[in-house]
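*Asks:* Dock chains B and C with the ligands against chain A, hints included.
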Amino acid sequence: MSQPLVFFPTTVAEAVEVLDRYGGEAKVVAGGTAVSLMLQHRLIQPAALVSLQRVDGLREVGRTEEGTAVRLGALVTHAEAARHPFLRSAAPLVADAFAVVGNPQVRAAATVGGVLTEADYASDPPAALRAIDAVVIAQGPAGARIIPVYDLLLGFYETALADNEIVSSVVVPLLPEGAGSAYLKYSSRSSEDRPCVGVAAVVRQAPDGSCAEVRVVLGAIAAVPVRVPELEAAAVGRPLDPAGLGDAYAEAVDPLEDVRGSAWYRREMVRVWVARAVTAARHRCTGGPQPPPAG
Amino acid sequence: MTALHEVPAEGGGGDVKVPDADGRVPVVLLVNGAPHRVHVRTTEVLLDVLREDLKLVGARNGCGVGMCGACTILRDGRAVSSCLTLAVLCEGADLRTIEGLRGGGGEGGEGGEGGGLSRVQRAFLEHRAFQCSYCTSGFILALEALLAVDSHPTEAAVREAFSGHLCRCGSYSRIMAAARQAAGLPSRGGLARGAVTGGVTGCAPDEEPGR
Amino acid sequence: MEGRTEDVAHPPLLDAEDRVTGRTPFVVNEEVSGMLHGKLVRSSAAHAHLVGVDTGAALAHPGVRAVVTGALLVARGGMELEFGPVVRDQPVLAYDAVRYIGEPIALVVASDPFVAEEAASLVEVTYDHLPAVFDVDEATAPGAPVLFRAEPERDPAFVDVTLRADYERNVCNVFSVVRGDASAAISSADHVFEHVFESPAAGAAPLETHVVVADARGDRVTVWTSTQTPHIVRRQLALLFSLPLNRVRVVVSALGGGFGAKAYAAIEPVAAVASRLVGAPVRIHLARDEEFVTSTKHAMRVRLRTAVTNDGLIVARQALARYNAGAYAGISPRKVMFGAYGLNGPYHIANVDIHVEAVCTNTPPAGAYRGFAINQAAWAYEQQMDIIAEALGIDAAEMRRRNLLRDGDTFCTGETLEHLHFHELLDTVTERIGWDPDAKPERDGDLVRAKGISCVIEGTITPSTSTATVRLNGDGSVDVLTSSVEMGQGMRPALASLVARRLGIDPGLVGVSYVDTDLTPYDQQTTASRSMASMGRASELATDDMVEKVRQLAAELLEADPSDVAVVGGHAQVVGVPSRRLSLAEVVGRSRVGNLHGEGTFVTEGGLDPFSGQGVGSAHWHQSLGAAEIEVDIATGKVRILRYAGALFAGDVVDAVGADHQCEGCLVFGVGNALFEELVFDKGQLTNASLADYMVPSLDDMPDAYGFDLATDENRDVHGLGEPALPPVAPAVANALYRATGVRIHSLPISAERVLRGVQAERRSGGAGGGTGGGTGGGGTGSRA
Ligand SMILES: Cc1cc2nc3c(=O)[nH]c(=O)nc-3n(C[C@H](O)[C@H](O)[C@H](O)COP(=O)(O)OP(=O)(O)OC[C@H]3O[C@@H](n4cnc5c(N)ncnc54)[C@H](O)[C@@H]3O)c2cc1C
Ligand code: FES
Ligand code: FES
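Protein chains in written order, with my numbering: chain A, 68 to 362; chain B, 1097 to 1307; chain C, 69 to 853.
If you are wondering where the hints come from, they were derived from the structure by calculation, not from laboratory data.
It should be emphasised that the depicted structure is a prediction, and the values quoted were computed from it without experimental measurement.
Incorrect hints may appear among the rest.
[To be verified] Some chain A residues near chain C, calculated using beta-carbon distances under 8 Å:
1) 78
2) 224
3) 225
4) 253
5) 328
6) 346
[Claimed, not checked] Cβ-to-Cβ under 8 Å is the rule here; a few derived chain A residues that face chain C:
7) 69
8) 256
9) 326
10) 332
[Said to hold, decoys possible] Here chain B is said to cover these stretches of chain C; the calculated rule only asks that three of the stretch's residues, wherever they fall, bring their Cβ under 8 Å from a Cβ of chain B:
11) 136-149
12) 321-329
Yeah, the Cβ is synthetic: ideal placement off N, Cα and C, and Gly gets one too.
Isolated chain A, as found in the complex:
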């Protein structure tokens, strides 16, 4: 039960090199809000901790070279992401999802890379990132690769990252022209609770008012965020029907059960919150003033 060594690499390459050397026995630490708990409760006993805090270039927020996306460095905190003006305008549902995580103390420390790679099912940002088709840039000994958030999250606390890879940034595409979006977090108990259900929705309407595109991602109801492409496809070309979508998603999902709600209850909440999120997203389509994040 010896204590882990602590590495402070200054470049991504150095970090990857340490991870590679330890072959799964090392643990990356970013904001540390999750890792500290895992260590305290002895859920993990790594031989080494690899802190990313001195690694250069992981804290930037900016437009990608092509200008079609926002790049969030892995060490950008939830608080920074939530209030970043560019992210707020380019992908408001993502900013909203970061804004409703936990509490200010957590948001001041927790990072964009951390919340994705922790892969906790009861989380907010992953659903929003999944809805907007965000990808992560993973860096390993062989260089960088792009992993869509969809492919990154595999199961409870399980990701597609190799032991010797880190996430260096998350690339968030801009919300399509004219589209509206929303992320709604529903806590069934205290306002301080993690989500019982979280719904991310993106809606685009055709000039005739019919649905040109709808994307719905459900968080906290299964091991990973749930997206149902068939339902999204079926909605296109028809008048947008939030309640109908709510019913359809409620039928389609197979929710888990925890202290925040039974499977039955979560299914009902999917019904309600899909409708509400789609409605909120449609409201924002017109380019009117953005309502504050709801919860």
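*Replies:* Quick look at chains B and C with the ligands alone, frame taken from chain A:
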């Protein structure tokens, strides 16, 4: 875990801290403006180091999981939970605890009765915004952190800053009253807040029941 | 809502500056030189014989000084193996059997808490599992597993509790209140209503968990501990070690909340025993998950039958309630008495037949908890009141008005009650909330608003004894020596102002001790909202005693007759001759007495016969009402409390701000209990033992506006306010929910999920609003006897 890893290869991976036989590494923490050299376990959270090594007991353990706010400190000016902060990762950070507010520059020593207290501390004192006060340091620091970046916050911003802070004794209304005073927000009347006189108190004229 | 700025002008408050600078001396800060750290190894079996406890690996762990087990204590002998405030049934460390998941089996003692914790995980326990039982009805049914075969030894000091235990049925005590002829009244009544209501176990969750440092070296035992009952802990430790009381010292500085959970010995015995064995001071500080299994609110189920006339007058009440005591009796044998008269409610009922059982099960021990037994009772009878009112077509407030106790009424205990204010208090809360008998719920989309009310009576612990010493120092300052525990209720500043008021001196001149049983005189306990009433009175009597001595001395110095000397405004003076006076300091100084002590003892008499419940139940009666306006999202079932108005009779109020604080504290517990606080067990395993999984109310969960009206009477004694405002909250919310949705929730908490199930059932049944369609089972209207 394997012996292979005990001694890292020269120069690889940047700086490294290797625990001694006792599992500890030396760390210099800048707390309340002064550097402190401590030997910490690499898995140890800052809260334990502050309390046990530095005897700064104003930060307290209420939950150990980031939910109650009793362990709040300021890290580079921002309120964070010291129960979720690994001490070994705090080198170079400007750490401030409730003890650091007193007379520690800033607003300290503004005079008046609570000389040496910050404006926020004074407001909490005047409003008696505590019962057991186990939570009080956390609430005070949360407000200090907010006021440092927003000297005229809205009531909503104050409430948001207090999310992640639990007062099990139930001093919330006085905490808000103190916060309004410190933040320069108008005070609010209560719904029949027990004006105590003989017999059942009537509804004071400025306290409309209902909204 | 919220605090009034006018409140800011107070006398300088004892220790207030420490409270905003982080310097309050909490027990958790206590350090004793050379102290070691203990970590408990806890049972993972709900009910089992202990086959073996292998401590080898833990002992071999570097830094470990000892691993204390039950077997070791048995082998060593010379110390009692069990403790408990009424009966001694709880092992210091389990030695032959374990009876709940989380029960202490061994204590690993090490130089450092981290090492102790690490080594604790190395202790291997082998169990021979036994059938376990978790539910009170199952535990009392024939064939249930039996937790105890024989009656454990009694603690001789708790003589006021008569035991009617039935260990074969796992019942550790029964209390009955019988008056009139309830069966006859029920069989001839116009209407009879019968329902079952339930409350779950909950956690008091003080932010500071239990912590103790024990030093039992030599021929003394000293504990620095977070207890609300220092003198009881002192006695419990004395019994454990067979020591006279004066060899046991209990020191209690400030507590980070208590709320009942820190009453009676919990971890003090094991820390003290370990210290004795190891030969060093031993500290134990519970982690949050341990705190949750150390003392819980009692889960309770009650079948409540109430008979009324066509006019809504209650003519009879029958009840059978079972409080889940958990694995050990703890204070449950006394709790049943509170539950029994509590179930009568604040109503005049001529025929009463109430039986309350405390039942042992394989769950963590239940203990004292803010609202002591009354929360569970009020949850039941105040909802039933609304059900009855609706069935009879009577407004809920009017229904109560017709039945509430009035001065001169006889209570179910046979006492004639006086100084009752229920009717005025009812008028107050209905006015505050804007009660309208004909109001329809207000609906805005999925959001529906409505209001509910509830009324509660609660006793205080009786008989009881408090003593205080007041000491006048040579400079005229005054010390109050008391064993009442400061746990945030503001007891110390309140005592200071009480004594200052009596002496006519600045409260800043009065200090109040923390507890040290070597120095501070006897006090029964700091629970049941009794401190201000009881210790306040004792301090006043002590002040009077001291004043008497001052007058004697001053008379000599002033060459006057003692009967001509009065103490006014901090001076002793000859009555009518203001120039012939001496300051209190001069009296002490010139008479060369060093200092002057006054002693005060306040005893309340009373007690109830456990078979009939007749006698004197309480020295005074807490009267508490609440009214809530809620908003429910009928799509999600989530309830938000918009406004809450409470009204209480407070007797004399010493500290208005403190009173306010206590009421708001009750509201926090009320909101939590009403909406989400619940310890969730899976076959005896607690599944939400962290503040990330067990929710307590945050600022945002509190109502948007709330306040409390206190009816006061300077000529009455001080009524403690630690608890009475709590019990009305949950039933008021439930009653409002019913008015909003037609959904009746029989089991706390009023979780969003339960509400939604009710709303959907109500919708399916056509939403007639009968109230029996929704909810979570357990009852009906009409006679089902
Ligand atoms: C009190 C509290 C409340 C919370 N409430 C919510 C909530 O409401 N909603 C919600 O969504 N979440 C919530 N969370 C979870 C919170 O969002 C996560 O703890 C946080 O996002 C983790 O980020 P971090 O930077 O602190 O990660 P760390 O703790 O540093 O790391 C987390 C995991 O990710 C790995 N990791 C981190 N960064 C990288 C990287 N760049 N590359 C590879 N691996 C990496 C680590 O090895 C570790 O496995 C809550 C947490 C707490 C403590
Ligand atoms: S102890 Fe850190 S937030 Fe509760
Ligand atoms: S004052 Fe006790 S927890 Fe806030």
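*Asks:* Are the hints correct? Go through all of them and say.
*Replies:* Hints and how they fare:
1. 78: Result: violated, 33 Å to nearest chain C Cβ.
2. 224: Residue 224/A check fails; min Cβ-Cβ to chain C is 15 Å, beyond 8 Å.
3. 225: violated (21 Å)
4. 253: holds (7 Å)
5. 328: holds (6 Å)
6. 346: violated (11 Å)
7. 69: violated (11 Å)
8. 256: Check passed: Cβ of residue 256/A comes within 4 Å of chain C, closer than 8 Å.
9. 326: Holds, about 5 Å.
10. 332: holds (4 Å)
11. 136-149: Violated, because only 0 residues of the region 136-149 of chain C bring their Cβ atoms closer than 8 Å to Cβ atoms of chain B.
12. 321-329: Held - the region 321-329 of chain C has 5 residues with a Cβ nearer than 8 Å to chain B, which meets the minimum of three.
Checked against the numbered hints given earlier, this structure breaks hints 1, 2, 3, 6, 7, 11; the rest are met.
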